[in-house]
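Protein chains: 2
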Amino acid sequence: MSVLKGACIVGQSGGPTSVINASAQGVIETALANENITRVLAAENGILGILEDRIFDCGKEDPREIALLSGTPSSALGSCRYKLKDSDVDDTDYRRILEIFQKYDIRYFFYNGGNDSMDTCNKVSKYMQKVGYECNIIGVPKTIDNDLAGTDHCPGFGSAAKYIATSVAEVSLDAIAYGTNAPIVIFEIMGRNAGWLTAAAHLANVIGEGPDLEYLPEVPFSVDQFLADVDRVRAEKGKCIVAVSEGVHDAEGNFISELGSNLAQTKDAFGHSQMGGLAGTLANLVKDHTGLKVRGIELSLLQRCAAHCASGTDLAEAYEVGKQAVLAATNGETDKMMALRRADSEDYRCDVVAVPLAEAANAERTVPVEWMNDAHNEMTDEFVKYCLPLIQGPTLQKTENGLPRFAHLRKEHA
Amino acid sequence: MSVLKGACIVGQSGGPTSVINASAQGVIETALANENITRVLAAENGILGILEDRIFDCGKEDPREIALLSGTPSSALGSCRYKLKDSDVDDTDYRRILEIFQKYDIRYFFYNGGNDSMDTCNKVSKYMQKVGYECNIIGVPKTIDNDLAGTDHCPGFGSAAKYIATSVAEVSLDAIAYGTNAPIVIFEIMGRNAGWLTAAAHLANVIGEGPDLEYLPEVPFSVDQFLADVDRVRAEKGKCIVAVSEGVHDAEGNFISELGSNLAQTKDAFGHSQMGGLAGTLANLVKDHTGLKVRGIELSLLQRCAAHCASGTDLAEAYEVGKQAVLAATNGETDKMMALRRADSEDYRCDVVAVPLAEAANAERTVPVEWMNDAHNEMTDEFVKYCLPLIQGPTLQKTENGLPRFAHLRKEHA
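Going down the list, the protein sequences come from chains D and E. So the mapping is simple: my numbering equals the position in the first sequence, first residue as 1, plus 1. So the mapping is simple: my numbering equals the position in the second sequence, first residue as 1, plus 1.
Extracted from the complex, chain D is given alone in its bound form:
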């Protein structure tokens, strides 16, 4: 393991979260204080910023603004969705990345993202090794989806989970205000293949205001069973709150949301095609089936950027994986992703460890079906035991004029 001296660069990629900037803050503040790192650079819009030489110097930023990153949602450095080709097929991008790394003498590369980003990290790392350019490359995990392999959970998930559970509890309480006229409420929650966020809605049951029914993409969705479940719950409890993943599909793998958007073939009053949407589709089904008032609520982008409701635990862990990435890299580690390993202790604790990038790259971790009840329409206490610690701790967000005070970066070209 060789200890390198040179510049570092940090980038963000994929969908933003409420705490991805806390990881960036962890990387930047730790790197600025490290003697082996001569210059702390950031790429705008991830790997695209490297390819296009849109690179700024974090050393020229106001440290007070850097310190505000933890309370700032979205990707402050700018994000991208860009998949690198295999270098054997086409190494154009790789040669350009090498050129930029050489131009700025970049010896450390920290990439903050999900499994696609870990794949990018892995490919760049392999290429640099092949051409013999010394550069330590560490992946910093983030995703609200919690589907990243190799880690107990993923920074970003806890805050989305806290917002979802809180919002579902509030709306559930609102729905029962009218007593026997309580509307049926259906929440559409993010998660194409992994139902972690829909499962998180179940946490609201800890305070007695959670969903009555929960449907994840891990198990096939039956419209008839769903309607029967709603009938039963409504009759038993006089109310019915449903949480469902955007990615639920039938046994043949057809997305239920797309059954809805077949009506998309039809045109609206303006002659434009109509978008689908799972919440609306299911709300229509239940409305026509029960004749009752139904509300379909899509949490949409709100659930991944609600920094005003972030989890203190998530914020701390997001910062820590960024910090530990720098310490590991300057310690000679490369080709790794920082991961959270839960300690086998009474009280919740997670340690940050380094795992091979290949372990995380492109793998997808789904919700264990054993954590669902036999009917596969509700999470069990096993899941609560796993998830509840992740939403603990107050949000740390500076406010100004009654609104969040977000970080403002100058982004002066390096």
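Mixed in with the good hints there might be a few duds.
Remember, identical chains collapse to one label, so a pair may be satisfied in a single copy or spanning two.
[Said to hold, decoys possible] 25 Å max Cα-Cα, derived SDA-like pairs, lysine to any residue: (1) K240 to L228; (2) K240 to L293; (3) K240 to A408; (4) K86 to E53; (5) K288 to R82; (6) K412 to N182; (7) K86 to V356; (8) K412 to T181; (9) K240 to F57; (10) K294 to E259; (11) K86 to N182; (12) K238 to R82; (13) K238 to A408; (14) K84 to G239; (15) K288 to L214; (16) K399 to D63; (17) K399 to G313; (18) K238 to R411; (19) K412 to G180; (20) K294 to N182; (21) K240 to D289; (22) K131 to D89; (23) K238 to H377; (24) K127 to N332; (25) K288 to E259.
None of these hints come from the bench; they were simulated from the model.
Starting from the known structure of chain D, fit chain E onto it as the hints suggest.
Using the frame of chain D, we list chain E on its own:
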């Protein structure tokens, strides 16, 4: 003015808010401490609970739970939407109300709601005067819509405004993460005839992350002008965030949301009719017009029950109107609504005053068009000056397990 001795009853009506229970807490705690009030009763589901004798004794509730009402959204007493007939036409309900008032020796009636509820208050008050039953009746204002006449603003509005401005700012930041690929985002916000809540989204501009376009029902909505506005903004700023009231309509008064739901005549894959929805309708229009990525986000029920993001100022004022209602009534006032009057001072301050119920009943206060720019697609600083003080101050909410700790009432029948 006669000072009465007897029981009081409090009820809630209409759509819940994040702080309506703070008003209930103000009424209950003040009434429990008042020597002229022999018993503090609450009606379940408002006037319906009185008609159906679903009445519970607040004196039997745990004071610690009463104290948690301020951090509890929805209507903790239960709400209703029930319009009393004119007593000249049919006085059945009124005779029943009198019967219940006599049964419990109710001499004070506090009704917490919007303009319909003030109308109910007013009708009951008139009837009791007609039949000579001594009972002091005071309306306690609430509505997120802020359309209640006779008051500077309405408890419930400030908290909804804070949540909307905060959420719009967070999502705006999220949208620009992808730089030139920033999606156009359209927020559908509550407000059928009054655009106060959509206007409140403009407050996010105070921190530089607000909507670029704002459309209120106070002015006719032109689809062509809207699309032209979006084109211009997207070209100028490389992004476009839109806030629009659910009630926007064209010059002929046709709701734009219904233009959307004409496609509702069509059937979906299940053969069920399709719901409309303004956000989806406008998102489709913009998507087809620009070919860009568009997100339609309906804030739906979230905006009226987000107690986790309530305004401290709103909470304090909501409690105070409840408290002052009891003090006014036991002081001999009747047939009034408590209102907020803004002091003509440098720093924001509101006094609580009593105004005639008739002033508030059924009247609807809309947004002054002078507070919009000439193009009528953005609010001006005049509005910011009015609205910004209303979202100040931190939320006071107890938490448990990282989630809100809501009040739990036993509701033992009186």
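Here is how each hint holds up against the structure:
| no. | hint | result |
| --- | --- | --- |
| 1 | K240 to L228 | within (14 Å within a copy, 41 Å between copies) |
| 2 | K240 to L293 | within (11 Å within a copy, 40 Å between copies) |
| 3 | K240 to A408 | between (42 Å within a copy, 19 Å between copies) |
| 4 | K86 to E53 | within (17 Å within a copy, 71 Å between copies) |
| 5 | K288 to R82 | between (38 Å within a copy, 20 Å between copies) |
| 6 | K412 to N182 | between (54 Å within a copy, 19 Å between copies) |
| 7 | K86 to V356 | within (24 Å within a copy, 71 Å between copies) |
| 8 | K412 to T181 | between (56 Å within a copy, 16 Å between copies) |
| 9 | K240 to F57 | between (54 Å within a copy, 22 Å between copies) |
| 10 | K294 to E259 | both (23 Å within a copy, 18 Å between copies) |
| 11 | K86 to N182 | between (56 Å within a copy, 21 Å between copies) |
| 12 | K238 to R82 | between (45 Å within a copy, 21 Å between copies) |
| 13 | K238 to A408 | between (46 Å within a copy, 20 Å between copies) |
| 14 | K84 to G239 | between (49 Å within a copy, 24 Å between copies) |
| 15 | K288 to L214 | within (17 Å within a copy, 33 Å between copies) |
| 16 | K399 to D63 | within (16 Å within a copy, 35 Å between copies) |
| 17 | K399 to G313 | both (14 Å within a copy, 16 Å between copies) |
| 18 | K238 to R411 | between (54 Å within a copy, 18 Å between copies) |
| 19 | K412 to G180 | between (54 Å within a copy, 14 Å between copies) |
| 20 | K294 to N182 | within (8 Å within a copy, 38 Å between copies) |
| 21 | K240 to D289 | within (17 Å within a copy, 39 Å between copies) |
| 22 | K131 to D89 | within (11 Å within a copy, 92 Å between copies) |
| 23 | K238 to H377 | within (19 Å within a copy, 47 Å between copies) |
| 24 | K127 to N332 | within (19 Å within a copy, 82 Å between copies) |
| 25 | K288 to E259 | both (19 Å within a copy, 18 Å between copies) |
Of the numbered hints listed earlier, not one is contradicted by the structure.
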